[in-house]
Amino acid sequence: MAPPRITTGELAALLGGELVGDPAAVVDRFASSVAEAGPGAIAFINNRKYYKALRQTKATLVLVPRDIDRSSCPKGVSMLVLEDPYLALARGMQMWFRSPRAVTGVSERAFVSPTAKLGKDVNVFPFAFVGDGAELGDRVDVHPFSYVGPLAQVGADTILYAGAVLYAKTRVGARCIVHSGAVLGSDGFGFAPDKKTGEHVKIPQVGIAVIEDDVEVGASTTIDRAAFDETRIGRGTKIDNLVQIGHNARVGRGCFLVAQSGIAGTTRVGDFVTIAAQAGLVGHIQIGNGATIAAQSGVTEDVGPGKQVVGTPAVEGKQGLRYLRVQRHLPELRSTVRRLEKRILELERRLGLANQTSTPGPERDAGE
Amino acid sequence: MAPPRITTGELAALLGGELVGDPAAVVDRFASSVAEAGPGAIAFINNRKYYKALRQTKATLVLVPRDIDRSSCPKGVSMLVLEDPYLALARGMQMWFRSPRAVTGVSERAFVSPTAKLGKDVNVFPFAFVGDGAELGDRVDVHPFSYVGPLAQVGADTILYAGAVLYAKTRVGARCIVHSGAVLGSDGFGFAPDKKTGEHVKIPQVGIAVIEDDVEVGASTTIDRAAFDETRIGRGTKIDNLVQIGHNARVGRGCFLVAQSGIAGTTRVGDFVTIAAQAGLVGHIQIGNGATIAAQSGVTEDVGPGKQVVGTPAVEGKQGLRYLRVQRHLPELRSTVRRLEKRILELERRLGLANQTSTPGPERDAGE
Amino acid sequence: MAPPRITTGELAALLGGELVGDPAAVVDRFASSVAEAGPGAIAFINNRKYYKALRQTKATLVLVPRDIDRSSCPKGVSMLVLEDPYLALARGMQMWFRSPRAVTGVSERAFVSPTAKLGKDVNVFPFAFVGDGAELGDRVDVHPFSYVGPLAQVGADTILYAGAVLYAKTRVGARCIVHSGAVLGSDGFGFAPDKKTGEHVKIPQVGIAVIEDDVEVGASTTIDRAAFDETRIGRGTKIDNLVQIGHNARVGRGCFLVAQSGIAGTTRVGDFVTIAAQAGLVGHIQIGNGATIAAQSGVTEDVGPGKQVVGTPAVEGKQGLRYLRVQRHLPELRSTVRRLEKRILELERRLGLANQTSTPGPERDAGE
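Protein chains in written order, with this note's numbering: chain X, 1 to 368; chain W, 1 to 368; chain E, 1 to 368.
FYI, nobody ran anything at the bench for these hints, they're computed from the structure.
As the structure is a prediction and not an experimental result, all values here were calculated from the model.
Keep in mind that the hints are not guaranteed to be accurate.
As the list makes no split between identical chains, a pair holds if one copy fits it or if it spans any two.
[Said to hold, decoys possible] Straight-line Cα separation of at most 27 Å, DSSO-like style, residue types lysine-lysine; simulated pairs:
| # | residue 1 | residue 2 |
| --- | --- | --- |
| 1 | Lys75 | Lys58 |
| 2 | Lys342 | Lys75 |
| 3 | Lys318 | Lys195 |
| 4 | Lys196 | Lys49 |
| 5 | Lys49 | Lys195 |
| 6 | Lys49 | Lys75 |
| 7 | Lys195 | Lys307 |
| 8 | Lys307 | Lys75 |
| 9 | Lys49 | Lys318 |
| 10 | Lys75 | Lys195 |
| 11 | Lys307 | Lys318 |
| 12 | Lys120 | Lys202 |
| 13 | Lys195 | Lys120 |
| 14 | Lys52 | Lys75 |
Please take these sequences and the hints and turn them into a complete structure.
Shown next as structure tokens:
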């Protein structure tokens, strides 16, 4: 996916930084490493670790932070000095790699219900399904094997990749990206136990799932519909692959849910919360704005705004990291305790107190 | 999904409880909270925490347990007194929200093999696939992008949602619900290592997967076929999203497998077992009837009937919960041990024993 | 799936072992247990535990290791003596159960772009999709609802099961098996935070995902495309169900990734590495050749070649197993420490040192 050619001067105008070097130099690709970049490439430096790599780069243009040592830039290499080069890279790449969207319209090999409502310039690819009463906003892409259930709604400029599934009445906002295999609005896991028979009696899940604008949903992620009212994912939240979100959960705006994490039913997650990979949240708790849940943590109680928690059960960051570190030394700690016990016993003998030590601790009895 | 209107008297006749109030009052919806319910709504109280909320409710009818204080019910509000209001709610909702099933038959845009056998009133939607020799019972629904492989069997009244996959010969019972993206009967993960080359030589997985009656399988859950004989999920078991069940595993009746949990190959799970979210069971173990596996646990050995286990490696509930609680205090425990060591050293000095303390414990050497 | 009938003599010629018994005996099926095998069956013994079961078997042929006691074989039962019976079983089953592949060609109900290039004897089933410029090698099978995106490449003899998804430009090698619901080449989870607004700005994922030859990818497993260059899975690696592999990760040859495990972005995994179920690896680390990651481990730093790690955070095997074992006894350890503290206090009192014990340890203060 080669981006179009552009001059460093044009790029500076787009990204808004201070150009140091030749505004007429032409760049036509991105490099993943400033050290390995060659002529024609744009590289970037975002981390102090790589500041000195600037000295050897062969890139044509390097996006650099303000505190870079400008004298370390080789001759013939231009610098674009920016407050946040990584962010500028993201925005720059978005401009470059935005290919003009082809409007192919509704394929004859797609299924679109006569009662569905389609906006302008919608693409419905072969083998896509748009059910009765469904609504697709302008410029929506529905790729093959994508299922838009009856009465589901999809906002403008949203992309449903191959095999994305929206159950009936699911609502997805504008500018969302729903990756392949994502399932939005399937039944929540709600059953009432019949204590006499042990049977799990299904509670019909008659609520819906609502995904607000600018959300990205990863491949094979599952977001359940609510039992009664709604499961909701806030604007701008990004969700990775294989994430599970239970019925009636509410996730705020700008959250970041990493792969294989899970949120149980009815839990409320605030805005700008990060949930790292493979972490799990029990149901019916509240996570404050800006909180961070470490990878593989098991969160069993409320987490305050801005707090960082880690471990299972999760505890606050500093405390949590300490116990995880000490944990490795548990066997040695136990050996120490046993040695100390012997020394105490010897002391007690010297002082004629030995008989009170005749009961060994239960810990000594425990098999291992 | 509005349920039809019904009178409280008719409802009492259906659910079987004792009606206290006006049998002619009309209800037409469910409320998720007794506090927020309004006129026309049915609410329910299942938990002592909410008993006092009855006093303020504006619901038309509240399903209440037998030990409720009946005098706390506002005037104009009817109560239906039941042994288990939550269970009654489930059963009531099932009646309400059961819309008459439309029989649309086999879409011309579906693929149904001429050798497939279809029962009465089967729906096969556009872009559904039913392979050679497959069998669908009466009133089965096969939604778009659902794949019923060759010789697979589906029992009466079962629903396969969009994109559910049944590999060849997979058997699904009656009244099952298979959600989108669920994959039943894909190859088990069986390989023989070639010690000379390091190659993993595939063991053809020639067994099948069998799902008994009344099972619900969540979105993107995977249940592998057996190597030789069968993987089996017992009657009435409910499986959440993103669950993994390995080849040759046997899960009993009425189990409850929560999201992102996993069962490795050949493990036997008894009846009415609960496996909470993100828990994992190693292969070749047995879990007794009625056992409960806590969330995120890692079960490495057999679990007896009725036992509760927690942690990694999982230990019995009370013991497990205790170590998880103590774990948080590990750093302080270590500090305590270090202080005690100093005090012992001082004691030893006083008694002229100090030289035996010259070797510091290994735990002291370990970096952190 | 009955294999064709074969004589034990023909089988010995195929598998290469030493036949002890009747070369004209006919076998026509495999048995999963030597104890339960009946006449006509091939059984195998791979484990000392089952050596004595040979004495009672009714199988026609048993694959046995070299150190078996040959005199324990019942009359009328033949033995095929092999260096590695399990491996021979795998190879034998591969021969038996290899049914001749039917060439059905490209279904009229499939979608194949006029610009796609197809090798010889390719099968494209109804409702499969092959995009513009995609390439399918000889004898590739593309099952219903499989999506081969634009410019994607699939090597010879590869099978894409129902609902497998290859995003644009994804490359899959020869003799691969991609199970249903697997998603290869979806966008990596890459965003630059805009510190002012909290917005996650998407970094276009313009790299690709490359799967080398002889790889098996389990159901609903997700492998992301790279941000810039490529995510790569090495030759002969086997991946189970519901595994997540992040963008720019590199997995070597012959690895074994078990269900629900995850590898974060840019991590390098060497050759012949085993990652057990539900384990997670953070990004930007290196795992040496032949390393083993235990189930549910959380790996946060590099792992050397051949090392075994366990726990969260993962530590080397022996150390890790020790702390997991001791962990269960934490409550008793704490009780011991408390008792020791009392005994020390008593000793100090006797020696007139009691006043220095007046400050209780912080561990005592901590609630539990």
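Against the structure, the hints come out as follows:
1. Taking CA atoms no more than 27 Å apart as the test, Lys75 paired with Lys58 passes inside one copy only; the shortest distance there is 10 Å, against 78 Å between copies.
2. Within a single copy, Lys342 and Lys75 get their C-alpha atoms no closer than 71 Å, and across copies no closer than 63 Å, so neither meets the 27 Å cut-off.
3. Taking the shortest alpha-carbon separations for Lys318 and Lys195, only the inter-copy value of 24 Å comes in at or below 27 Å, while the best intra-copy value is 43 Å.
4. Taking identical chains as interchangeable, the C-alpha atoms of Lys196 and Lys49 lie at most 27 Å apart only when they sit on different chains, with a minimum of 24 Å there against 65 Å within one chain.
5. In this assembly of identical chains, Lys49 and Lys195 lie within 27 Å of each other by CA distance solely across copies; the values are 21 Å between and 61 Å within a copy.
6. Proximity of Lys49 and Lys75 under a CA criterion of 27 Å is satisfied intra-copy only: 22 Å inside one chain copy versus 72 Å between copies.
7. For the identical chains of this complex, Lys195 and Lys307 are inter-copy neighbours only, at 18 Å across copies versus 40 Å inside a copy, given an alpha-carbon limit of 27 Å.
8. Taking the shortest Cα distances, Lys307 and Lys75 never come within 27 Å of each other, neither inside one copy (47 Å) nor across copies (46 Å).
9. For a Cα distance limit of 27 Å, the shortest separation of Lys49 from Lys318 inside one copy, 26 Å, qualifies, whereas the shortest one across copies, 35 Å, does not.
10. Within a single copy, Lys75 and Lys195 get their C-alpha atoms no closer than 79 Å, and across copies no closer than 32 Å, so neither meets the 27 Å cut-off.
11. Taking CA atoms no more than 27 Å apart as the test, Lys307 paired with Lys318 passes inside one copy only; the shortest distance there is 10 Å, against 29 Å between copies.
12. For a Cα distance limit of 27 Å, the shortest separation of Lys120 from Lys202 across copies, 25 Å, qualifies, whereas the shortest one inside one copy, 41 Å, does not.
13. In this assembly of identical chains, Lys195 and Lys120 lie within 27 Å of each other by CA distance neither inside one copy nor across copies; the values are 54 Å within and 35 Å between.
14. In this homomeric assembly, Lys52 and Lys75 come within 27 Å of each other (Cα to Cα) only inside a single copy, at 15 Å, whereas the closest approach across copies is 78 Å.
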